[in-house]
Structures are given as C-alpha cells and as structure tokens.
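Residues in the sequence shown are numbered from 1 upward in steps of one, following the UniProt record's numbering.
These are computed hints drawn from the structure, not numbers from a lab. Be aware that a few hints might be false.
Claimed, not checked - Between beta-carbon pairs, the in silico distance windows are:
| no. | residue 1 | residue 2 | range |
| --- | --- | --- | --- |
| 1 | Val92 | Gly20 | 33 to 41 Å |
| 2 | Met58 | Arg104 | 31 to 39 Å |
| 3 | Gly90 | Glu15 | 15 to 23 Å |
| 4 | Gly90 | Glu57 | 24 to 32 Å |
| 5 | Met70 | Leu111 | 33 to 41 Å |
For glycine and all other residues, C-beta sits at the position ideal for the given N, C-alpha and C.
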Amino acid sequence: MNDASLDRMIALSVETLTQGDEDRIGGLVRLLATRWPNEPALSIAFALTNAAASIEEMVDSETTPPVVLMRAYKFAALVAADVHAVQSMGKVPARASDLLHFWRRVDPWFLNR
1 MNDASLDRMI
11 ALSVETLTQG
21 DEDRIGGLVR
31 LLATRWPNEP
41 ALSIAFALTN
51 AAASIEEMVD
61 SETTPPVVLM
71 RAYKFAALVA
81 ADVHAVQSMG
91 KVPARASDLL
101 HFWRRVDPWF
111 LNR
C-alpha cells in the first residue's frame, strides 16, 4: 500500500463527506476505486473509516449530521464485504480494479450511486 495514495484517499473522503453534496457522497466509493485502481481494495474501506473517525474528532457532534458519518461507515462495511467476496473468488489480494470488475459483473450498487 502506498502511504501517499492512502493519504490522498482519506483527504478526498473527508472533503467529499464534509461538503454535504449527496451526489458526490454517493459516488465516493466508485471515485476512490477509479482514481486508485492499483491500490489494495481494503484501502478504500480504511480510507472511509479513517475519514469518518477524523470528522468525528474535528467537529462538534451537534453540527455534523450523523447520517454522513453513518453513510461513511456503511460504505466501508459494504466495501469490506465486497472485498471478501472478490477474495473468495480467488483474487487475493484484491485491488480496487477488482472491485470495479466485481461491481460491473455481480453487484452494481456502488456503480449506481
């Protein structure tokens, strides 16, 4: 895993989640996978989890919509489940590009956000 890429993934996630644009938030996972296709797929789950935790630490819980944080954690969990599915099919370790392929062939939920 490239630490610089992971830092950029986290920064993009924080930026997207805090802007409150529902379309951008919905497409965040797809964007991360598309922009960093050669990174380990679990990097996406880690970036989302880290971003949500960072936002929780940075802002007042009364001013941050909990739905934004819940979506980030939900997306991270769903990505982890998809990584498990991909790796169960023999793609170990799974890369972000493997997730894109999986979403096109099996479960398009992240592509339709």
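Which of the listed hints are broken here? Going through the list in order, the structure violates hints 3, 4, 5 and respects the others.
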